[in-house]
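Could you build the full structure based on these sequences and the hints that come with them?
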Amino acid sequence: MDFRVRPNSAASGEYVLHAEVLSTPKGPDVALQSKSIVINRSIVKRWIDVLVASLALFLLAPAGLLIALAIKIESRGPVFFWQLRYGRNRSSFYICKFRSMTVTESRGDFTQASRNDARVTRIGRFLRRTSLDELPQLWNVLRGEMSLVGPRPHAIAMDDAFAEVIHNFNDRHLVRPGLTGLAQVSGYRGPTEALEHIEHRVSHDRLYISKWSVFLDMKILAQTVFALTGPNAV
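The numbering used here puts the first residue of the sequence shown at 1, with every later residue one more than the last.
It is possible that part of the hints are untrue.
[To be verified] 25 Å max Cα-Cα, derived PhoX-like pairs, lysine-lysine:
#: 1; residue 1: Lys97; residue 2: Lys72
#: 2; residue 1: Lys219; residue 2: Lys35
#: 3; residue 1: Lys35; residue 2: Lys211
Since the hints were derived computationally from the structure, they do not count as laboratory data.
Spelled out as structure tokens, the structure:
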């Protein structure tokens, strides 16, 4: 598959995915792997991650304390939710989120949260709608386990299942996972039950790797901030 990206004339600043079947190689995508090496070795990308994550943690610390207090007041359990995820080259790490459910599954069997899931707390519903539950992942970014922009990490059980049925799925693990990504700002965030939805995510993640630049990262970050704070934000 040859993926091409161009600005969407109907919506300025958005990207449109175009895929043309030029060949169907069964081996590894050498070009994609070569570009991933460039990304992983980029000092500029890493410094942006460190500087932005550090500043965001400092500025958002008061909000984080209020969220932690609200979580403790509403339900018993830890403030943070830790779950094993795949990182770059499928190395595992514990991702950190604000706990949004009454039942934590950070080290047990994974059960995907569904719409109107009774386990989700009231504060948890707000955190999920606004993506504020993801804020602690800035710590993962500082530790070098994640990047600000990259493929969003799934629970390991989900990744293993999708890798069995989706071609090139593991290409997502060529780079560090991200807080946000091209797939998310292109409308493919949220529920992961539908296989077609995940296939679109994988296509956009591969597109991001192949077209990566510092400018693209900045554009995705700006689109993410606008989506969370703009007039249509919840």
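25 Å limit on alpha-carbon distance, applied to hinted pair Lys219 and Lys35: holds (19 Å)
Hint check: Lys97 vs Lys72, CA-CA at most 25 Å. Holds or violated? holds (14 Å)
Has the given pair, Lys35 with Lys211, been kept, meaning a C-alpha gap of at most 25 Å? Given that 25 Å is the threshold and the Cα spacing comes to 8 Å, the pair holds.
Checked against the numbered hints given earlier, this structure breaks none of them.
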